[in-house]
Amino acid sequence: MIKWKLTMQLFWYRILMQIGLKGEEIYYIGGSEALPPPLNREEEEHLLDRLPSGDTAVRAMLIERNLRLVVYIARKFENTGINIEDLVSIGTIGLIKAVNTFDPSKKIKLATYASRCIENEILMFLRRNNKIRSEVSFDEPLNMDWDGNELLLSDVMGTENDIICRNIEEQVDRKILRVALMRLSERERKIMELRFGLNGGEEKTQKDVADMLGISQSYISRLEKRIIKRLRKEFNKMV
Amino acid sequence: MQNNITDQIRCIVCEKECQEGITVLAEFICRDCEAEIVNTDVKDKKYAYFVLQMKNIWTQDISDQFS
Numbered sequence: 001m002i003k004w005k006l007t008m009q010l011f012w013y014r015i016l017m018q019i020g021l022k023g024e025e026i027y028y029i030g031g032s033e034a035l036p037p038p039l040n041r042e043e044e045e046h047l048l049d050r051l052p053s054g055d056t057a058v059r060a061m062l063i064e065r066n067l068r069l070v071v072y073i074a075r076k077f078e079n080t081g082i083n084i085e086d087l088v089s090i091g092t093i094g095l096i097k098a099v100n101t102f103d104p105s106k107k108i109k110l111a112t113y114a115s116r117c118i119e120n121e122i123l124m125f126l127r128r129n130n131k132i133r134s135e136v137s138f139d140e141p142l143n144m145d146w147d148g149n150e151l152l153l154s155d156v157m158g159t160e161n162d163i164i165c166r167n168i169e170e171q172v173d174r175k176i177l178r179v180a181l182m183r184l185s186e187r188e189r190k191i192m193e194l195r196f197g198l199n200g201g202e203e204k205t206q207k208d209v210a211d212m213l214g215i216s217q218s219y220i221s222r223l224e225k226r227i228i229k230r231l232r233k234e235f236n237k238m239v
Numbered sequence: 240m241q242n243n244i245t246d247q248i249r250c251i252v253c254e255k256e257c258q259e260g261i262t263v264l265a266e267f268i269c270r271d272c273e274a275e276i277v278n279t280d281v282k283d284k285k286y287a288y289f290v291l292q293m294k295n296i297w298t299q300d301i302s303d304q305f306s
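Those protein sequence lines, which keep their order, are chains P and L. Take the first sequence: its letter number 137 is residue 137 in this note's numbering, and every next letter is one higher. Take the second sequence: its letter number 60 is residue 299 in this note's numbering, and every next letter is one higher.
Calculated from the structure, these hints are not laboratory results. Where hints are given, some of them may not hold.
As the list claims (entries may be wrong) - Derived lysine to any residue pairs resembling SDA-like cross-links, with alpha carbons at most 20 Å apart: (1) K97(P) / Q292(L); (2) K97(P) / C253(L); (3) K97(P) / K285(L); (4) K285(L) / M124(P); (5) K97(P) / K284(L); (6) K294(L) / E78(P); (7) K284(L) / D86(P); (8) K131(P) / D280(L); (9) K294(L) / L126(P); (10) K284(L) / M124(P); (11) K284(L) / N120(P); (12) K131(P) / K285(L); (13) K131(P) / A287(L); (14) K285(L) / E78(P); (15) K131(P) / Y286(L); (16) K284(L) / E78(P).
No experiment lies behind these values; they were computed from the predicted model shown.
Build the full structure now, drawing on both the sequences and the hints.
This is the structure in structure tokens:
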């Protein structure tokens, strides 16, 4: 009797698939009572016997009648931050994989195998998702101040003076700066050396430098701005 | 009942008209897409697309169910 019923159901599946008719049913993930009922042992055995023949109606029925498993397992992962719609969709992919790769000769229950496949599919997705989330660029902006300057991860994570890359960069910058300084007049160079302690000396204030050279502080300020502008121009030419 | 009486049915994954495939919850998945889904790993670029398209099987907006 069950076999006859199943054969009729499979026949109905085939007709639906061939003529493209769609049912009016609405399926609710939240309430699995609206989903097709699970297969009983006899029904499952009958369908699994026919699974290796590649009958699409058999495959479709096995997938559809195990969808409650997908919902049940997906809901266990609701606290992972992944949308339940995505979880159910991923679980459905896992179920399709399970039915397509199930080997009835191994004598394990389809529900057991499918549960593992569905759970594994979701876990693999979560692992992959977490991996992508944990890969962050050193130049990832963490925050922005009122002036629009970005605070980068590298600003807060660097080692002491960023021993590797920054050291090389600094060496190159220093070399370029030295060449640029050679293009200044002797007085201009002296001002820069005193102000910024370029020859290993102490950094002096504009007032100190002004006193040493016997000129006013405002003149030093103007000169400094002009020299820096010129240095920047020389710098850019070389970079 | 939605009548679409032709030999070709629209696949919910590739959205093309196809002849052969499976019907799950009244939605059609063509044979090529089914095979591709089975052979696609979560690491593959196309996986996200399958996750998105497979949501079409579940016709009810499930977010309402959990809110």
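Here is how each hint holds up against the structure:
Of the supplied pair hints, the one linking K97(P) and Q292(L) holds, its CA atoms being roughly 16 Å apart against a limit of 20 Å. For the proposed pair K97(P) and C253(L), the alpha carbon gap of about 18 Å is at most 20 Å, so the pair holds. Note on K97(P) and K285(L): the hinted pairing holds, with a Cα-Cα distance of about 16 Å set against a maximum of 20 Å. The hinted pair formed by K285(L) and M124(P) meets the criterion: a straight-line CA distance of about 15 Å does not exceed 20 Å.
Restraint check: the Cα-Cα separation between K97(P) and K284(L) comes to about 18 Å, which is no more than 20 Å; the hinted pair holds. Proposed proximity of K294(L) and E78(P) is supported: the alpha carbons are some 16 Å apart, at most 20 Å. Restraint check for K284(L) and D86(P): satisfied, since their Cα atoms lie roughly 16 Å apart, inside the 20 Å limit. Using a Cα cut-off of 20 Å, the hinted pair K131(P) and D280(L) holds, with the two alpha carbons roughly 15 Å apart.
Annotation: proposed proximity of K294(L) to L126(P) holds, straight-line Cα distance about 18 Å (limit 20 Å). In summary, the hint linking K284(L) to M124(P) is supported, as the alpha carbons are separated by about 14 Å, within the 20 Å threshold. Distance check on the hinted pair: K284(L) and N120(P) sit about 19 Å apart at the alpha-carbon level, within 20 Å; holds. The straight-line distance between the Cα atoms of K131(P) and K285(L) is roughly 18 Å, inside the 20 Å bound, and the hint therefore holds.
Among the hinted pairs, K131(P) with A287(L) is consistent with the structure: their alpha-carbon atoms are about 15 Å apart, no more than 20 Å. The straight-line distance between the Cα atoms of K285(L) and E78(P) is roughly 24 Å, outside the 20 Å bound, and the hint therefore fails. Of the pairs offered as hints, the one joining K131(P) and Y286(L) holds, with about 16 Å between alpha carbons and a cut-off of 20 Å not exceeded. Between K284(L) and E78(P), the direct Cα distance comes to roughly 24 Å. Violation of the 20 Å bound is thereby established for this hinted pair.
In summary, the structure is inconsistent with hints 14, 16 from the numbered list given earlier, while agreeing with the others.
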